[in-house]
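Enquirer: Let the hints inform the model, and build the full structure from the sequences given.
Now for the letters of each chain:
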Amino acid sequence: MAYVAIADKGQDLSHPHSFITKYIWSQDHKVIAIQYGLTAIAVGFVALLLSGVMRLQLGFPDTFSFIDPSEYYQAVTMHGMIMVIYLLTALFLGGFGNYLIPLMVGARDMVFPYLNMLSYWVYLLSVIILMGSFFVTGGPTGAGWTLYPPQAILEGTPGADGGIVLMLISLIVFIVAFTMGGLNYVTTVLQARTRGMSLMRMPLSVWGIFTATVLGLLAFPALLVSGIMMILDRLLGTSFFMPAIVSLGEQTSYGGGSPVLFQHLFWFFGHPEVYIVALPAFGIVSDLLSTHARKNIFGYRMMVWAIVAIGGLSFVVWAHHMYVSGMNPYFGFFFATTTLIIAVPTAIKVYNWVLTLWRGNIHFTVPMLFAIGFIFTFTHGGLTGIFLGNVVVDLPLSDTYFVIAHFHMVMGVSPILVVFGALYHWYPKITGRMFNDTLGKIHFWGTFLGTYSIYLPMHYLGFLGVPRRYFAYEGINFIPESAQTLNEAITIAALIVAAFQFLFVFNVIWSLFKGKKAPGNPWNATTLEWQTPQTPPEHGNWGPELPNVYRWAYDYSVPGADKDFIPQNQPPGDNRQPPITTPREQPREVEPA
Amino acid sequence: MFVAIVLVLLVVGSIAFHFISPWWFTPIASNWQTIDDTVNITFWVTGAVFVAVNLFMAYAIIKYRHNPKNNQPAHYEPENSRLEAWLTGITAIGVAALLAPGLYVWGQFVNVPEDATEIEAMGEQWRWSFRLPGKDGILGTTNATLVDINNPFGINPDDSTGLDDILISRNNVHLPIDQPVKFLLRSKDVLHDFAVAEFRVKMDLVPGLVSYLWFTPTRTGTFDILCEELCGVGHFTMRGRVIVDTAEDYQTWLDQQLSFADIQAIGPGDQIAGQALYTVCSSCHGSSGEGNIALNSPKIAGQHSWYLRQQLQNFKQGIRGTHKDDVYGQQMAAMMAVLADNKAVRDVAAYVAALPSTVSDQNLSADLIKDADLEHGKKLYNTCGTCHGANGQGNYALNSPRISGQEAWYMIRQLKNFKDRVRGAHPDDVFGPSMSSMASYLRDEQSIADVAAYVTTLTTDTGQSKESLVQIETDQISLAGGG
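Protein chains in written order, with the working numbering: chain A, 1 to 593; chain B, 1001 to 1483.
Calculated directly from the structure, the hints in this document are not laboratory data.
A portion of the hints provided could be inaccurate.
[Unchecked claim] One side only, chain A facing chain B, incomplete, derived with CB under 7 Å:
| no. | residue |
| --- | --- |
| 1 | G37 |
| 2 | L38 |
| 3 | Y148 |
| 4 | A244 |
| 5 | M302 |
| 6 | G326 |
| 7 | G332 |
| 8 | A347 |
| 9 | Y351 |
| 10 | G360 |
| 11 | V392 |
| 12 | S482 |
[Said to hold, decoys possible] When the alpha-carbon atoms are kept at most 30 Å apart in a straight line, the in silico DSSO-like pairs for lysine-lysine are as follows:
| no. | chain 1 | residue 1 | chain 2 | residue 2 |
| --- | --- | --- | --- | --- |
| 13 | B | K1416 | A | K441 |
| 14 | A | K517 | B | K1069 |
| 15 | A | K563 | B | K1069 |
| 16 | B | K1378 | B | K1416 |
| 17 | A | K514 | A | K441 |
| 18 | B | K1135 | B | K1343 |
| 19 | A | K563 | A | K516 |
| 20 | A | K563 | A | K517 |
| 21 | A | K441 | A | K516 |
| 22 | B | K1416 | B | K1379 |
| 23 | A | K516 | B | K1069 |
| 24 | B | K1063 | A | K563 |
| 25 | A | K441 | B | K1069 |
[Unchecked claim] If the Cβ cut is set under 8 Å, some of the chain A residues that face chain B in the computed set are:
| no. | residue |
| --- | --- |
| 26 | T157 |
| 27 | R294 |
| 28 | L383 |
Remember, it's a predicted structure, so these values are computed and weren't measured experimentally.
Ideal placement from N, C-alpha and C gives every residue a C-beta, glycine not left out.
Expert: Set out below in structure tokens:
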């Protein structure tokens, strides 16, 4: 067993006494999780606002005097970068990872609590640096979230003075923060699980977050070095990514570097990054489905191996972002093949989610609605990925709105639906209050239907060939007037979706004060976080004794049991339940050491 | 229950949207029907999976929804290896079925036919130019470090194969129908992307290397070239056109183009000859080119000669000054008979460019900009300055004229003309559309006045504008007769 004694030293935890050590400089993983979560969501609202700027320009060109081309490109860039890195990565790993890992594996805290605290504050620093770039001369970078050189560091791109430098520094600081957090999550999962919590008994949420963290630890260094190299190119005149260039009519002193090298480094990080966001979502949604359908997740082992396989394969598909980058086109054969192979474990996950619903006992709670919404949008986004992954199909669609629609469905809408589902799901545990159910349902329908009406039609602009990252479209002969009408409709849908998000904020705040008091396990869930002695769990999580784990995380509706769930820490025999005779793969009872 | 109905409706709605949608691939104009076929196969296979998965899910949701009355418990079945193996197998086969045709067609794309003619497309912020091998059929070697105002392509002058290369320093290029063509793609500065929706294929231009794509145009017509790789603030204005001609029309066009050697042979304009010609011009533009608001004649002294030549040619060829709402432009166009040939245009441009640009008399425009907000103008000018220069000095590489010292009344009128597409909308206007697109962000008259007022505060100490030895822009336009 991976049980390690350090996890049980409850009495050694230094319990904070003052408000500041308890809530500000806190070393409690739950407080850090909330700090991460609130910061990420706050910065996410900035990104939401920026997408509003973009959509206003696209829907109603020639209308708003506060949007000029530079600002448009800056909004595009900052929206993308914030959403991918500072919201999704930080929220899934720093937020959910921090909250769930120790509670779900039965630990008192992360293995390195001080480092964990530092991770948050360094993350906050990276956010402050990033936000600072809005206030420097020339504004934030407008190079697109991919920050491709040479353009990112040359005049002619907004923010080439200070904006790009601050962006790169912020990313580097973020990676430092992530590494501190990430090593913690990995170590905690591997070393601090409680008695009986074998790896194959862990909830899929932990598997998803764990695997994503490993991916992050391996992928972020590629971004780190490319960021440092680009800063050197920009500030010291090195030429890592810079060939001989005539910039705006003037010869530059650059020479000999390769812009394509940056793209390889960027996407060697960037593609795993997709899964850094997706895998935690995969894991969490599995637990939401299982809990609210009162049924074990279908094909648990297959789900675990699919997560691991996707994680591994995600390192050999990166150049599918570069089919038309000018790299040797023969690479296309290899990367199209690996990319389509990754569709297989991904499809298995979708099947297993749907098969979890099959013959379930489905409760239409708010988290369940979000989970169902996720399956729908993820299926859609996953299938359009097959277009873009199949190299020759990518040719006409690359750099068009099809790409925008695809990745927003697959790594924007889908993970965000899981984020909301998860927040509603764990809100009672985090706050000790129930959220308002009706508001939650309204929020779901507005978000789910709204986002689909944004992105489904957008694919068709891509089929038509409408290029992405255009400030204005007049004068292009093949784009009919009707495309503008469609853009208008999309903008209106986007504004409505944005408005619905304030409903969520209201619900979170209102329920904090006015919500019904939550019982410890309102969903009748099996996993350990619902079995804590207090709700919300206190520092140290478990009181005097760590829980012992006797079974996997999915004993829902076990035939013969008197309730439709058996908590992981419930010893065999103290409830009427059958001996473990279920299929061979049902984890056996393991006596705690 | 409700959610299941919505899922079904969404599936049905998505299918309906597909059939109702007027937005779909443009009619193809190249040999890449195979790409469309692969897209279609992918579309129908993935579409079927989408429908099947979601309808199955909707069915499961309806059938197995929680019912408080009988509270039927969920079925307990952790795994079903047989089912999982089947699903994995079928998915793998489906994926392979999509991949195989994809890789086959990609094989066609990476292998260029032997008989394809080569043509170079060069991108730079934010325009296109093209180079064709001359009679020797070989493109001369190039080097970015050789690029300057007289050698915009960076052609190696020591390489004799480059001398006969045909240079097209315009956004428009012609191609013969039914002849496979391999585009060699090259960038001077940042990443760009050569994309023509109707041809289906696209590829990035990368500074420091040469990438390629190939296709065979299969119908005549004019097709937009779009840059589809973000290349800076002017990205969306980086447009070009491919004109697919019949073989005869193509030959006619080709015969009018100049080679590198031809262009090098053209000397600079003769200022003395230009001075004589300028006598007529001076009656409106003033003896020192200072302009005259009463006659609607802009200040022209000190403008770059390449820009003057280009605009004079535009007037001469009916590209500018023919729009019905451009009354003053029409007056100018009517005067063009004075300049009989290309040499006359060159000479007078050289003379005007050499006239000292005095500080403009702002009293003329004072009324127009008395309410202007200079701070706002400065903010707006940020984007303008990328091309026109921080001090409004202009930039040959971006084809942007000098605007410092220009009168506000003239700038306001031209900005409105660009914005309203009174100027820059002629199909043969090569660089005007970029300015039209850009002017679209000046949303109202106040913004236009603000930015014009700000420009009047700029001073450029150039004395005399840089005279370019090479008349690539104008002479080619004149010979090609536009298009």
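Enquirer: Check each numbered hint from earlier against the structure, then list the numbers of those it violates in ascending order.
Expert: As far as the earlier hints go, 1, 2 and 13 are violated by this structure, in ascending order.
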